[in-house]
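Full structure from sequences and hints, please.
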Amino acid sequence: MKFMVLVKATKESEAGTMPSEEMLTAMMKYNEELVKAGIMLAGEGLHPSSKGARIRFSGPKRTVIDGPFAETKELVAGFWLWQVKSKEEAIEWLKRCPNPMNEDSEIELRQVFDAEDFAASDPTGEVRRKEEELRALTESRRG
Amino acid sequence: MTASETHRAIHAVWRIESARLIAGLTRLVRDVGLAEELAQDALVAALEQWPKSGVPDNPGAWLMASAKHRAIDQLRRKQRLERKHEELGHELETQQALSVQDLDAAIDDSVGDDLLRLVFISCHPVLSTEARVALTLRLLGGLTTEEIARAFLVPEPTVAQRIVRAKRTLAEAHVPFEVPRGPELEARVSSVLEVIYLVFNEGYSATAGDDWVRPALCEDALRLGRILAGLVPEEPEVHGLVALMEIQASRLRARVGPSGEPILLLDQNRALWDQLLIRRGLSALARAETLSPERGPYTFQAAIAACHARARTAEQTDWPLIAALYTGLAQLSPSPVIELNRAMALSMAFGPAIGLQLVDELTEEPSLQGYHLLPSVRGDLLFKLGRYDEARGEFERAASLTRNAREKGVLLERAAACARDPLPQPPSSPPEGKAPTRRR
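Protein chains in written order, with UniProt numbering: chain Z, 1 to 143; chain F, 1 to 440.
Bear in mind the hints are in silico, worked out from the structure with no lab data behind them. Even glycine gets a Cβ: it sits at the ideal position worked out from N, Cα and C. Every clue listed holds true.
Derived contacts from chain F toward chain Z, CB cut-off under 8 Å, selection only:
| # | residue |
| --- | --- |
| 1 | 9 |
| 2 | 13 |
| 3 | 230 |
Below, the structure written as structure tokens:
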């Protein structure tokens with residue numbers, strides 16, 4: 001199963017303070033361990049939200065809101081994508097992570113949906129079958 | 001934490017730590033069986049103590065310390081025994097006994113080397129292929145005997161037996177715990193790759209049972225492959241195999257229909273392909289090709305898989321290139337199965353008649369007699385050529401040969417379709433959308 005590992009933003013990360021050399025080295029070592037254990041699929045760090053934007057959906061209306069955003073603790077400063085056997089394994093790995101920030105910080109773990117997860121909302125496979133039909137239709141038109 | 005939560009946490013720690021633990025202990029006691037026992041003892045101690053004391057902050061170190069104590073006890077006992085033997089006047093080979101001070105250094109030393117040695121010992125040629133697979137999953141993948149048994153649909157005692165016998169064989173053959181050098185290294189690496197790919201393939205298209213794919217097994221193989229790539233980063237074929245597995249795994253979601261039926265490559269919904277895994281696969285392939293200008297067998301297969309991965313629709317598949325790659329692969333490692341795939345690619349590139357010619361030559365091949373894909377491919381080509389009666393016979397034969405229930409269903413359906421109302425297709429039309437280019 002896959003987990004999205006979300007590193008939460010802090011005041012410093014939102015201020016755009018770059019990590020110290022020491023922390024960079026520690027994180028690099030940790031990343032190396034993840035890669036060597038074969039569990040890391042991807043990972044990136046994010047610029048502060050001041051460089052980001054949001055798009056709000058309300059019926060047909062779309063509103064663009066520029067960053068920065070106020071709720072620092074709810075923002076994401078970086079992420080990993082891991083492939084592990086269980087949530088417990090992801091937690092075990094996470095406990096070995098150096099604190100990614102100079103201050104108190106938090107990392108959140110969220111499981112990524114798998115095809116099987118949709119089985120409950122698509123018990124007969126109808127949605128998937130429809131999808132296939134649609135695809136066949138597009139292709140016959142093209143052909 | 002409840003007791004069951006603690007147990008799950010311990011299991012997770014075990015998955016992460018067991019290989020390193022066993023590798024380190026093996027170097028110490030020079031016996032992989034004993035090392036695993038020591039590691040298991042530490043696990044049992046954790047299972048006893050952690051529910052009461054809580055999971056320690058550094059559970060890996062705890063397990064290591066606990067196992068190390070046991071190892072030292074063992075060695076002391078052995079040394080005492082040897083001294084006793086000497087006292088009794090026995091002429092013993094002067095074995096370089098480790099002093100206790102050396103033990104710490106010995107066990108904390110370069111983890112990577114130990115792991116690599118463990119890889120080579122679990123895939124050692126003195127063991128049968130089945131034993132290599134079981135031992136590798138157990139020692140390196142951290143799988144339990146029960147998990148291995150479930151994955152390969154064999155009774156648990158059988159797997160347990162295999163592992164016990166494998167460890168005994170290694171001990172009796174005095175297999176050294178070392179990384180082979182020179183030309184032997186390459187041969188041994190390819191034996192390791194074979195084991196990993198075998199595990200992957202069993203997950204990718206199960207040879208028997210009710211499920212067409214077992215993704216968990218693919219994940220285990222991929223993880224082992226990625227670990228190996230980290231251990232021997234200069235070996236191009238390791239990256240070739242990882243590339244092949246990443247790209248194939250990217251299709252797992254698309255490979256099974258809503259009711260568990262297999263969906264063949266050209267019929268798959270490519271929107272379901274995992275682009276992240278494809279990207280990882282393509283970069284591993286690039287790495288392999290950079291390391292060596294000449295492709296090995298896995299890199300060849302990865303290059304073929306990459307052709308499919310790069311095609312946005314089945315129609316955009318570069319069949320002439322795939323056929324050329326199969327020709328290269330066939331020259332490098334001639335095999336009837338590769339010939340069969342080459343025939344398929346050629347028929348896609350240049351029409352079914354050409355493919356059929358090649359397949360007909362393969363029907364006499366003894367090693368393909370029980371291989372269900374031969375009649376399956378032949379049936380497909382006959383179907384395309386409008387020879388429906390013959391096609392039906394081939395599909396039926398293929399269905400009778402496969403041991404996988406899902407696959408049998410699909411083949412019988414195709415046979416029925418031949419009898420029912422053959423599609424009004426122009427025979428021998430150039431590349432069309434559907435063909436069983438399954439596997440690799």
